[in-house]
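**Q** Add chain B to chain A, keeping to what the hints say.
Number of protein chains: 2
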Amino acid sequence: MKKDTIKIGLLGMGTVGSGVVKILTGNSENIGHKLGVGLEIKRIAVRDLEKPRAVEVDPALLTDNPDHVLLDPEIDIVVETMGGIETARQAITRALENGKFVVTANKDLMAHHGVELLSIAKTQGRSIFYEASVGGGIPLIRPLKYCLAANRIKKFMGIINGTTNYILTQMSAAGKEFAEALAEAQAQGFAEADPSSDIEGRDAAYKLSILASLSFASQIKIDDVYVEGITDVKLRDIHYAQELGYAVKLLAIGEEAAEGLKLHVHPTLIPLEHPLAAVQNEFNALFIEGDAVGEVMFYGRGAGSLPTGSAVCADVMDAARVLKNEIENGVLEATFTEKPVIPMEEQHSRFYLRLKAVDEPGVFGKLATVFGDAAVSLDRIIQKRSVEGTAEIVLVTHDVKEGRFREALNVLREMPAIRSINSVLRVVE
Amino acid sequence: MKKDTIKIGLLGMGTVGSGVVKILTGNSENIGHKLGVGLEIKRIAVRDLEKPRAVEVDPALLTDNPDHVLLDPEIDIVVETMGGIETARQAITRALENGKFVVTANKDLMAHHGVELLSIAKTQGRSIFYEASVGGGIPLIRPLKYCLAANRIKKFMGIINGTTNYILTQMSAAGKEFAEALAEAQAQGFAEADPSSDIEGRDAAYKLSILASLSFASQIKIDDVYVEGITDVKLRDIHYAQELGYAVKLLAIGEEAAEGLKLHVHPTLIPLEHPLAAVQNEFNALFIEGDAVGEVMFYGRGAGSLPTGSAVCADVMDAARVLKNEIENGVLEATFTEKPVIPMEEQHSRFYLRLKAVDEPGVFGKLATVFGDAAVSLDRIIQKRSVEGTAEIVLVTHDVKEGRFREALNVLREMPAIRSINSVLRVVE
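Line order of the protein sequences matches chains A and B.
For what it's worth, the working numbering labels the leading residue of the first sequence as 1, then goes sequentially.
For what it's worth, the working numbering labels the leading residue of the second sequence as 1, then goes sequentially.
Same shape as in the complex, but just chain A (with noise of 0.2 Å):
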């Protein structure tokens, strides 16, 4: 029986889950134009019914039990916006079984359980939708699922984080080392007071899983991804890597190779000139290499109320068309494989290194010999007047198998003459 009205339920109404009662309410008239049906949103579980909330509802459909969004037969749509692995798993779980279309903003859930709660849906014959758990309100997955159906996904290289961008875009525009940079992005909102799971690249590789799942159709686990975050990253490299013609961004790069797939999120030095290089402060963007497409770029707010509200809507939007239509399997999805991850020690790189060396004759002879014995040969060299008998040097590689450079760099390091190794970057063209 096709419907007039489609009815929504809500697990959740913090920042996300406002922005979306907003933009549904908000645009009620224009959503249900478009798709033909009216959608009503019937119920909101929440953890506190007394909490004041950013967007006025009706007290009427706030309830403290998930249950009456879950277990109600009318509600079609189940929009998880609460956040967390193991609740807001069983609740989809349960929403799945019960015969609802889920629409959920969750990367950290997605990054673990997608694959699983995938085949959870395909089996009940529903869908998960989950194009706000990248890049808020960014269109990321149907753009990788449908735009770009057609291509092979050859690489992508994505800034997924904007808390970590914010905070490299002060650093490079502000002169502001990162602490100060940090503590900025927190006075502005931008950073969480605990900030780890951003600064640490663990929330860009959560991302960076969940679009790699989807672009090369393999089960991601997350400890497949190698991770760096930009806690170490100063200024000085910063000012040395605009010298060079670089710019710094903490990168999510994934890559499918013959061998297998690269998987890598960490700072990385990116040309001036690249299209990633002027996304600035909290925006995010993902570029693509696709192999009939060519490069695509997408950009745009990575978070906040109503971008991210905007995304979950669109999803909200495709589950009421595949319900209004009775679309069975209506929805594109990619049998995931498991595929190889190849070990960054394996992974070719460029390296850029900052390292003092005492400024004394033939101190460079034997630096440039170590890189040599180990196949790392050298593209630009920078060396600054030496400052009380200590030089300041600044090298970037060519193309390297990153185990010889790393073997490369503990040579350097017994040696001493070298007083410190002070940054290793990764380079990429």
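Don't take every hint at face value.
Unchecked claim - Distance condition first, Cα-Cα at most 27 Å in a straight line; then the derived BS3-like pairs of lysine-lysine:
no., chain 1, residue 1, chain 2, residue 2
1, A, 145, B, 22
2, A, 122, A, 339
3, B, 3, A, 324
4, A, 145, B, 122
5, A, 22, B, 154
6, A, 145, B, 3
7, B, 155, A, 22
8, A, 324, B, 324
9, B, 145, A, 3
10, A, 154, B, 22
None of these hints come from the bench; they were simulated from the model.
**A** Here is chain B on its own, set in the frame of chain A:
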């Protein structure tokens, strides 16, 4: 009856058509797997059977009679890549009347007859997909229709013509004048032998009208779009713009205000920090402001065989999903109304003005008085040392009604102290 194989007929096998054939054959396993149904190219109508093809195809597929595609009851999807307006319009109309889904890459056609063809499709219970008509491989139509479906689109600004962006980039980066940069673009294959539609802005205006129709759900007439090309942009203006912190780009701008739509294409000064300023050479990008999502941008190659083919194939896959699942009216189509368009002289803008004046006491005062009398206030002024008694003056105004600004220009033109008015460009922030 659900199908195992969906059959496709092509009209035209030039640049885009060849790309489509290459992608559909090269990625057929992957595409069939995702769709759960195979795609087969059954017939390709071409003008000249003997012409050498960029991609090898079984000669038995080729025909010089379009009816072999349009009337074949086995063909479900007709892909039109032959270009031109009237013949394509008739062919697509016949295809729809014969119950076929249509995919087209034809911007001229969609700009002139899009609303009419979409209406025929609706009557027939079929759809026209036209992602490839704007922005080549960049997903634009589908994101506007689906990903941003819950948004009210407030404004968009696009670099949607690769030829002019290539020329402006060459002028800016390599210090070439327009004519030299155009010759370079022609040598590189980024400009046609007759480049007039590109450099005069008409190509961008066609694409703008397609995007605006969709964004604002209004039937746009091509004559409602104000158009200025880049033929009068001087290297000197690009240098002054850089000095003032701007790049010069040919922007297609669409905006919905309370009083009506604003639709204009012209060379524009845009701040260097704006993401559109970083779009170089033949690349295209569309920057969109939605009421919920905020600012998003889509970037990529706006032309070329495989990029445009990628968009066509995504459309073919969408049509195939609809066919496979026997979805009726499963595509979100706006109802097109006719919204008023605000004439250019009623619109507000900031202006960049370069002029030459006699270098004598009181001239600047007279100039300032003319602007003051027309209520045009000035934001920035550059005056370089005068040469042989003539001073070059560059002005940037605050926001002003275009009609008022033109009145002031007319007064300036009559002033003996003003030697020449060399450039007038619009400025966006």
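**Q** Against this structure, judge whether each hint is valid.
**A** These are the hints, each one checked on the structure:
{"no.": "1", "hint": "145/A - 22/B", "result": "20 Å, holds"}
{"no.": "2", "hint": "122/A - 339/A", "result": "21 Å, holds"}
{"no.": "3", "hint": "3/B - 324/A", "result": "22 Å, holds"}
{"no.": "4", "hint": "145/A - 122/B", "result": "26 Å, holds"}
{"no.": "5", "hint": "22/A - 154/B", "result": "17 Å, holds"}
{"no.": "6", "hint": "145/A - 3/B", "result": "22 Å, holds"}
{"no.": "7", "hint": "155/B - 22/A", "result": "21 Å, holds"}
{"no.": "8", "hint": "324/A - 324/B", "result": "17 Å, holds"}
{"no.": "9", "hint": "145/B - 3/A", "result": "22 Å, holds"}
{"no.": "10", "hint": "154/A - 22/B", "result": "17 Å, holds"}
When the structure is compared with the earlier hints, no violation turns up for any of them.
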